[in-house]
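Just so it is clear: in the sequence shown, position 38 is 38 by full-length UniProt numbering, and no numbers are missing.
No lab work stands behind these hints, which were simulated from the structure alone.
Where a beta carbon is used, it is the ideal one built from N, C-alpha and C, also for glycine.
Watch out, some of these pointers could steer you wrong.
[As the list claims (entries may be wrong)] Here are the simulated DMTMM-like cross-link-like pairs (lysine to aspartate or glutamate), alpha carbons at most 20 Å apart as the crow flies:
hint : residue 1 : residue 2
1    : Lys-118   : Glu-129
2    : Lys-123   : Asp-22
3    : Lys-132   : Asp-58
4    : Lys-90    : Glu-130
5    : Lys-132   : Asp-59
6    : Lys-42    : Asp-58
7    : Lys-118   : Glu-37
8    : Lys-90    : Glu-39
9    : Lys-90    : Glu-49
10   : Lys-42    : Asp-100
11   : Lys-118   : Glu-30
12   : Lys-132   : Asp-22
13   : Lys-132   : Glu-63
14   : Lys-90    : Asp-58
15   : Lys-90    : Glu-112
16   : Lys-90    : Glu-80
17   : Lys-90    : Glu-126
18   : Lys-41    : Asp-100
19   : Lys-132   : Glu-80
20   : Lys-114   : Glu-39
21   : Lys-42    : Glu-23
22   : Lys-90    : Glu-30
[Claimed, not checked] The calculated label-pair distances, taken between Cβ atoms and stated as ranges, are:
hint : residue 1 : residue 2 : range
23   : Glu-37    : Ala-97    : 14 to 24 Å
24   : Arg-106   : Glu-65    : 32 to 42 Å
25   : Gln-140   : Lys-42    : 17 to 27 Å
26   : Ser-44    : Leu-117   : 16 to 26 Å
27   : Val-122   : Glu-39    : 11 to 21 Å
28   : Lys-114   : Arg-62    : 29 to 39 Å
29   : Glu-80    : Lys-114   : 38 to 48 Å
30   : Arg-8     : Thr-40    : 37 to 47 Å
31   : Thr-12    : Glu-49    : 35 to 45 Å
32   : Asp-59    : Asp-100   : 33 to 43 Å
33   : Glu-86    : Gln-52    : 15 to 25 Å
34   : Leu-103   : Gln-140   : 16 to 26 Å
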Amino acid sequence: MAFWKKQRVIETLVLRHAQCVDETLAYFQEALSAYLEGETKKASQLALETHQAEGRADDVRREVEAELLGGALLAHSRREVLEVIEWVDKLANAGEATLDYLLLQRVRIPEEIKPILKEIMVKNQEIFEEVKQSLQLLFQDMSQ
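Construct the entire structure; sequences and hints are all you get.
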């Protein structure tokens, strides 16, 4: 019984982490859109929101790690869950790092590239929706 309870805790934390990463990516996309429109002050404020959301994602990731190191799940599953959450966390880190680079370096984006970047942002959101769905399926009972 305690095993399943621990699994439920891990599932809840992993999904909460995904929500935090989703929030981070939403702020990232808003900030990048503002940056592309030349609104650097707004982009900087949204970059701060991105940073804070990414920090919350890191906090939840550490909670997952602590639970797993405390013995939640079977040993072979722990590493797999850790790897999955690390890869998902890298998505939030990438958004934060991109904004830091653009804003600190004041990178000029050519007009002809801006529509392509906007398309990439849409695709990124679509892909992350698939990632979230995959995370939910990870914990579903396969016998259903």
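Which earlier hints can't be squared with this structure? Violated hints: 6, 8, 15, 25, 31, 32 and 34; rest satisfied.
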